[in-house]
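Visitor: Here is what each chain is made of, one letter per residue.
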Amino acid sequence: MHIHEEAVERHVLAVLVDNEAGILARIAGMFTARGYNIDSLTVADISEDHAVSRITIATNGPPHVIEQIIAQLDRLVPVHSVRDLTESGPHVQRELALVKVAGKGENRIEAMRLADIYRARVVDATTESFIFEITGAPEKIETFVGLMREVGLVEVGRTGVVAIGRGPEPA
Amino acid sequence: MAEKSGADILVETLLDLGVDTVFGYPGGAVLPIYDALYEHPKIKHILVRHEQAATHAAEGYARSTGKPGVVLVTSGPGATNAVTGITDALMDSIPMVVFTGQVATNLIGSDAFQESDTVGITRHCTKHNYLVKKPSDLAPVVQEAFHIATQGRPGPVVIDIPKNVQVAATEHGSNRARTNTRYQPQTEGDFKAINAAAEMIMAAKAPVLYTGGGIINSGPKASETLRELAELLGCPVTSTLMGLGAFPASSDKWLGMLGMHGTFEANMAMNKADLVICLGARFDDRITGRLDAFSPNSKKIHVDIDRSSINKTVRVDLPVIGDVGRVMEQLIAVLKGRRFATPELGEWWARITGWRATNCLDYPENKTEIMPQEAIRKLWEATHKREPIITTEVGQHQMWAAQHFDFESPNKWLTSGGLGTMGYGLPAAIGAQLGNPDALVIDIAGEASIQMNIQELGTATQYRLPVKIFVLNNEYMGMVRQWQELTYESRYSNSYSDSLPDFVKLAESYDWTGIRIEDPADLESGIQKMIETDGPVMVDCRVAKLANCFPMIPSGAAHTEMLLTEADVKGTMDDQAKALV
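As they're listed, the protein sequences go chains A and B.
So for the first sequence, my numbering puts the first residue at 5; every next one is plus one.
So for the second sequence, my numbering puts the first residue at 249; every next one is plus one.
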């Protein structure tokens with residue numbers, strides 16, 4: 005007997021929630037309990053009175069699973085709204101990464117040159133290392149990190165995606 | 249304003265909310281609440297013998313009265329013992345509020361005595377849960393909890409209260425107006441969707457109403473509306489296990505239950521229908537059988553108050569979000585507005601008559617042993633005029649009860665459907681009897697299931713509850729044995745009920761009346777004696793040991809591939825089917 009697998013697509017969801025204890029566990033736990041995937045998850049409070057947080061979840065699954073994920077999120081009591089940014093049209097996705105690279109000689113010069121092309125900023129330097137700060141769409145960061153691997157990547161820290169729909173309307 | 253302790257605020261809030269019965273078990277972390285209850289005799293506390301039973305009793309109370317069940321247990325083992333019943337209530341959408349004691353806030357996380365991460369453990373088996381960290385939060389949290397438990401799709405809510413929050417004092421005034429709650433589920437159906445549904449109904453030649461527990465949860469009025477809708481549509485009605493009683497079994501439109509142990513006519517009607525109208529049910533795997541063969545030629549309308557139930561397993565053509573009772577009223581109004589005339593559906597009914605002729609619930613006659621189906625039927629004959637409340641445990645006896653005990657009205661059939669919890673029936677019967685003191689309450693049980701919460705015999709004795717337990721004793725975990733016969737060539741691994749107690753003596757030791765029925769000739773008189781005996785009675789009814797529950801759709805099969813009798817059983821299954829439950 006074989007276990008059947010379906011083709012998946014990536015979706016970015018913006019979720020507004022009450023900023024209360026346990027909310028992150030509630031959401032992350034719902035994903036694990038029902039066997040859904042989280043590619044990345046970011047959260048921070050966004051309202052003046054710190055009452056509401058915005059969670060950006062990058063997830064993947066077959067279309068009917070994505071539909072379920074949205075419905076399951078929406079029925080949680082502290083969840084105000086769920087918006088599928090991938091589904092609802094053009095939106096901006098950004099992620100920040102800190103990338104540490106070590107090396108001397110030609111590698112060090114190449115790292116600097118690539119950083120310049122990718123508009124990564126140097127936020128720390130020693131005679132044998134750099135830390136670059138880079139922001140952009142996840143694909144751009146992916147590519148940059150890939151290039152750094154060839155010139156002495158030591159470690160990388162990424163924030164995960166935040167995203168927001170284009171145009172004057174709120175999500 | 250006067251200062252009051254958290255425990256006093258809790259008890260007063262419960263009184264404000266109209267709570268009159270609490271099922272619980274004391275322990276260190278809830279002593280302040282128990283002390284407050286001591287001062288408030290208006291709230292009746294029912295002392296169970298195990299916390300799991302407190303939750304099932306609360307479920308039985310809730311399902312038979314429509315009011316939320318309330319549970320109070322201590323921290324640690326008190327809370328973890330309650331988890332099964334909480335999960336049961338989540339799966340079957342039963343309104344319940346569970347208060348758990350917790351160690352003092354300064355001790356949380358220190359592995360203190362009887363500490364458990366109750367909000368962590370119950371996060372995914374509750375509709376919502378809370379840890380209350382200050383006494384001033386108690387009243388609003390409790391009010392919101394009751395709102396959440398009872399509104400929308402009902403479910404269990406847990407409130408974890410640290411001991412120091414129960415003791416600490418805060419201001420608690422007479423101004424107890426409900427705080428605005430953030431939880432406001434949609435109850436009215438969308439007008440466009442209702443109109444679209446009306447059009448689909450008007451075009452249908454072979455419609456069927458597939459109803460579920462949502463109708464019971466919507467309240468008795470929804471069951472009345474269902475009868476009106478079925479008359480208007482002139483079409484057959486079937487129901488899930490959870491929905492039995494919403495539609496009268498005596499109606500000529502009634503097909504019986506559908507699904508794995510449903511009737512041939514119900515499953516064939518679902519398979520051949522051109523329109524399935526799903527009312528407050530959720531296309532559970534026990535209902536659908538093999539998904540890709542489920543009702544292949546029908547359009548489907550799904551009315552549900554929970555949006556996540558839509559398209560979860562079966563894609564539907566028209567979802568209608570709302571309270572099923574309200575949506576049915578809207579639908580009737582729209583149909584009447586369009587001068588809808590009840591169609592004859594002659595061809596459709598002719599086919600149904602053909603399916604009914606298989607008499608799929610027939611069972612082999614037996615002169616020497618009591619057939620379990622016969623026992624249920626005789627029980628029904630002897631009691632149905634008193635409109636009894638029937639609870640069950642889980643297994644063959646449960647399915648036989650669903651098949652052979654006919655219900656005419658809602659809130660009379662209490663069974664663990666979604667979670668399938670053995671040990672549910674006795675505590676549920678206790679809860680139902682408390683909520684309905686004058687009703688005849690019978691737990692139809694198996695000899696294996698009843699032992700899972702057998703300690704509750706003592707609870708019934710203590711509160712003088714005249715519940716009856718009717719054990720179909722076949723000395724097997726019958727459903728497990730049946731599956732082993734069907735799937736594993738009758739290798740009965742660990743499904744024999746060995747070392748059984750003498751149920752009559754056991755009953756007597758708890759001051760119950762014990763009756764044993766062994767001979768088919770004594771069946772009727774034994775049942776009569778059970779009903780006529782005051783106080784609690786346990787009947788040990790010895791039935792044919794190897795009887796199987798038919799009809800049955802085996803795992804992974806389609807509605808059209810029902811096993812109707814023993815002759816259809818092959819004794820093995822492929823791995824694909826074995827992997828399904």
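Since the hints were made in silico from the structure, they are not lab data.
Careful: at least some of the hints might be erroneous.
[Stated by the list, open to error] So the derived label-pair ranges between C-beta atoms look like this:
1. 584/B - 32/A: 24 to 34 Å
2. 438/B - 173/A: 38 to 48 Å
3. 141/A - 268/B: 57 to 67 Å
4. 599/B - 39/A: 18 to 28 Å
5. 5/A - 777/B: 45 to 55 Å
6. 384/B - 153/A: 27 to 37 Å
7. 11/A - 826/B: 38 to 48 Å
8. 742/B - 32/A: 29 to 39 Å
9. 92/A - 814/B: 51 to 61 Å
Just so it is clear, CB atoms sit at the ideal spot from N, CA and C, and this is done for glycine as well.
Visitor: A separate judgement is required for each hint: does it hold in the structure or not?
Guide: Tested hints:
1. 584/B - 32/A: 24 to 34 Å: violated, 49 Å
2. 438/B - 173/A: 38 to 48 Å: Roughly 23 Å apart at Cβ, these two residues miss the hinted range, so it is violated.
3. 141/A - 268/B: 57 to 67 Å: At 60 Å between Cβs, range holds.
4. 599/B - 39/A: 18 to 28 Å: violated, 40 Å
5. 5/A - 777/B: 45 to 55 Å: For residue 777/B against residue 5/A, whose Cβ atoms are near 52 Å apart, the range 45 to 55 Å holds.
6. 384/B - 153/A: 27 to 37 Å: Violated: the Cβ-Cβ distance is about 55 Å, outside 27 to 37 Å.
7. 11/A - 826/B: 38 to 48 Å: Given a distance of about 27 Å, which is not inside 38 to 48 Å, the answer is violated.
8. 742/B - 32/A: 29 to 39 Å: holds, 37 Å
9. 92/A - 814/B: 51 to 61 Å: holds, 56 Å
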